[in-house]
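Between the sequences and the hints, there should be enough to build the whole structure, so can you do that?
2 protein chains.
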Amino acid sequence: MPFSFELFDVDHGARRGHLETDHGGIDTPVFMPVGTLGTVKCLSSEDLREIGADIILANTYHLHLRPGEDIVAAGGGIQQFMSWHKPVLTDSGGYQVFSLADLNRVSDEGVEFQSHIDGSKHLFSPERVVDIQLDIGADIMMVLDQCVEYPCSRGRARDALERTTLWARRSKEHLIRRAEPNPYQQVLFGIVQGSVFHDLRKRSVEEITALDFPGYAIGGLSVGESKDELLDMTELVTEILPVEKPRYLMGVGFPEDLVEGVARGVDMFDCVMPTRNARNGTVFTSQGKVVLKNTVNKTDFGPIDPACGCDVCKNYSRSYLRHLFMAGELLGPRLATYHNLYFYLHLLAEIRQSIREGSFLLWRKEFYNKRDKQ
Amino acid sequence: MPFSFELFDVDHGARRGHLETDHGGIDTPVFMPVGTLGTVKCLSSEDLREIGADIILANTYHLHLRPGEDIVAAGGGIQQFMSWHKPVLTDSGGYQVFSLADLNRVSDEGVEFQSHIDGSKHLFSPERVVDIQLDIGADIMMVLDQCVEYPCSRGRARDALERTTLWARRSKEHLIRRAEPNPYQQVLFGIVQGSVFHDLRKRSVEEITALDFPGYAIGGLSVGESKDELLDMTELVTEILPVEKPRYLMGVGFPEDLVEGVARGVDMFDCVMPTRNARNGTVFTSQGKVVLKNTVNKTDFGPIDPACGCDVCKNYSRSYLRHLFMAGELLGPRLATYHNLYFYLHLLAEIRQSIREGSFLLWRKEFYNKRDKQ
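Chains as they are written, first to last, in this note's numbering: chain C, 138 to 511; chain F, 138 to 511.
Honestly, the hints are just simulated from the structure, not real lab data. You may find that some hints are simply not true.
Identical copies go unnamed one by one, so any copy, or any two together, can satisfy a pair.
[Unchecked claim] Mimicking BS3-like on lysine-lysine, the simulated pairs with C-alpha atoms at most 30 Å apart in a straight line are:
1) Lys430 with Lys223
2) Lys339 with Lys309
3) Lys258 with Lys430
4) Lys507 with Lys364
5) Lys223 with Lys451
6) Lys430 with Lys451
7) Lys435 with Lys258
8) Lys435 with Lys223
9) Lys339 with Lys364
10) Lys430 with Lys178
11) Lys426 with Lys178
12) Lys507 with Lys430
13) Lys364 with Lys510
14) Lys435 with Lys178
15) Lys451 with Lys178
Dropping the structure here:
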């Protein structure tokens with residue numbers, strides 16, 4: 138079945154739809170757990186199925202360095218390699234090159250960088266990054282883009298925007314050239330840049346959509362700008378993106394950011410927030426965040442969130458989880474990760490349900506009410 | 138149902154039986170995964186049920202220091218606290234006091250020590266250790282014993298033996314005094330000491346069995362002595378222990394040590410071997426040990442052990458597991474632990490089956506044959 142996106146309902150800007158890929162369908166809006174190195178840290182693929190994940194994200198930069206796309210390809214592609222037989226999206230590695238790698242040097246050709254692990258030299262060109270993602274076997278691939286820091290000058294944002302457009306065109310041309318009989322379809326999404334400049338964001342949307350990708354990401358946000366700027370830029374971009382294509386807000390965010398992203402027409406999200414916080418012992422609940430190590434949890438034999446139906450909340454107490462974190466036991470991060478991702482995925486399921494029922498605004502109000510009670 | 142042990146078959150010294158506790162039954166010979174701090178490192182209680190564990194071990198010393206037996210008791214006992222609703226055995230903490238704690242000072246009263254975590258001072262007397270284990274809620278408790286290092290002088294071994302007998306008597310008397318209406322039965326096992334001195338081991342068996350415990354452990358082994366000494370001492374002790382009581386060989390060992398222990402009439406084992414090795418990336422297979430990080434596994438897309446039926450061997454390749462260990466991903470230790478414990482538990486299940494069929498010697502021969510092929 139070819140890649141497709143169907144839009145079912147729109148409720149005050151919030152969209153409910155369905156993405157279809159050769160590795161399965163994805164109900165949107167969707168949150169994609171981050172599986173950087175071909176593993177959502179601490180969780181097995183069976184855990185991910187249990188909590189209802191439909192798609193996960195893996196990182197091109199990290200998989201290129203370890204174990205290398207050749208190993209992943211020889212292992213049958215990322216889905217087979219990690220025993221996750223559902224859709225996978227890979228980022229382009231651009232964000233990691235600009236934030237993690239040593240000595241990155243960008244030109245129109247691409248970006249040269251040194252591995253943050255062993256200092257080895259690499260070049261990511263738009264074409265090379267498509268090749269790597271084809272080898273990894275992602276169902277959804279991202280074009281190489283140039284991310285800029287925040288704040289950044291208008292001139293620098295414009296240069297990065299122009300390069301991102303140039304790279305997007307070359308990525309698409311390369312994918313067409315590479316087109317070959319494939320056991321399953323691998324599609325390529327474009328990325329909108331432009332920092333927090335309204336006219337640059339608008340121009341980027343125009344240039345990237347002119348290239349006609351099957352989906353569009355909003356990049357360069359969640360890099361230090363204010364919440365208002367994040368939401369303004371998101372709204373500005375989604376209003377002019379083609380209605381019939383999925384929109385993916387990269388690297389966002391807190392539960393409330395997802396709610397507000399959906400309210401502005403976003404269909405896809407990814408973020409390390411639930412997983413990274415879990416590993417530090419911070420868990421999300423319907424009433425807000427809980428720091429498990431806090432003394433108050435020492436004798437709290439209730440679950441993380443009485444309103445949560447996940448296996449961790451059914452079986453383990455805050456007191457036990459606090460003990461695991463205090464003792465540095467690996468089961469702590471694992472159980473907290475399981476809960477946090479369940480919480481995020483369940484939140485999105487609730488949102489989809491509310492959009493279907495035309496009650497998204499009411500649901501959103503209730504979402505904030507619960508938190509205010511804390 | 139009161140604690141009981143039933144012996145079904147004896148096949149060339151190997152015994153097959155069944156232990157009954159208020160938290161469930163245990164087929165013997167049995168391997169007990171070690172859950173030091175109320176968690177078998179990396180695994181959930183659900184995992185332990187999946188791999189067929191009937192009983193786990195927890196450490197009195199560690200739980201006393203973190204989170205404290207008061208917290209475990211307030212949480213409903215160790216089974217409820219860790220959501221493991223099957224039998225738990227706690228050691229006495231003696232071994233940890235003598236090996237881990239700073240500045241331990243032993244007298245007939247007990248052993249004073251400083252926590253290896255924060256240097257706080259504690260006293261473990263025989264009575265106190267029974268109280269702590271009652272609070273933790275173990276189904277099977279162990280008397281405080283004095284472990285000696287290897288090698289040690291005959292005089293030192295004799296003193297430790299005498300103190301161990303003294304402490305065993307006080308432990309039993311204290312448990313009788315403490316006897317009170319309890320939601321479930323908590324029994325106390327005696328421990329045989331005597332280092333590697335034949336006459337001291339014999340004397341220890343006589344003194345400890347005279348106190349009439351419902352089960353007996355062989356302590357003070359697996360501390361540096363040779364394999365021959367380990368097996369000699371085990372055989373010497375099991376030959377004179379009462380036939381109708383379960384025998385527990387503490388802290389042993391490699392798969393072949395379990396096989397040889399069973400051949401010498403041992404019913405219960407515990408060891409950190411499968412779990413600690415797993416966290417370092419060493420896994421056990423029917424053909425011997427495998428070091429996952431070895432380069433040969435880089436492109437080995439087969440399972441850890443084709444003869445193994447565990448979920449890890451069904452779903453994940455050596456190549457993927459190597460990648461997880463090379464990248465320091467927490468899923469690596471988790472999957473390796475799951476496999477290793479499954480391997481150990483399955484090994485004991487095979488042994489029980491062979492004893493039932495009267496083919497233990499044949500099974501043992503085949504066990505060594507498979508490994509020689511490696």
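Results for each hint:
no.	hint	verdict
1	Lys430 with Lys223	between (35 Å within a copy, 28 Å between copies)
2	Lys339 with Lys309	within (21 Å within a copy, 81 Å between copies)
3	Lys258 with Lys430	between (41 Å within a copy, 24 Å between copies)
4	Lys507 with Lys364	within (21 Å within a copy, 63 Å between copies)
5	Lys223 with Lys451	both (27 Å within a copy, 17 Å between copies)
6	Lys430 with Lys451	within (20 Å within a copy, 36 Å between copies)
7	Lys435 with Lys258	between (49 Å within a copy, 22 Å between copies)
8	Lys435 with Lys223	between (39 Å within a copy, 24 Å between copies)
9	Lys339 with Lys364	within (19 Å within a copy, 76 Å between copies)
10	Lys430 with Lys178	both (20 Å within a copy, 19 Å between copies)
11	Lys426 with Lys178	both (20 Å within a copy, 26 Å between copies)
12	Lys507 with Lys430	within (23 Å within a copy, 48 Å between copies)
13	Lys364 with Lys510	within (22 Å within a copy, 64 Å between copies)
14	Lys435 with Lys178	both (26 Å within a copy, 21 Å between copies)
15	Lys451 with Lys178	both (22 Å within a copy, 20 Å between copies)
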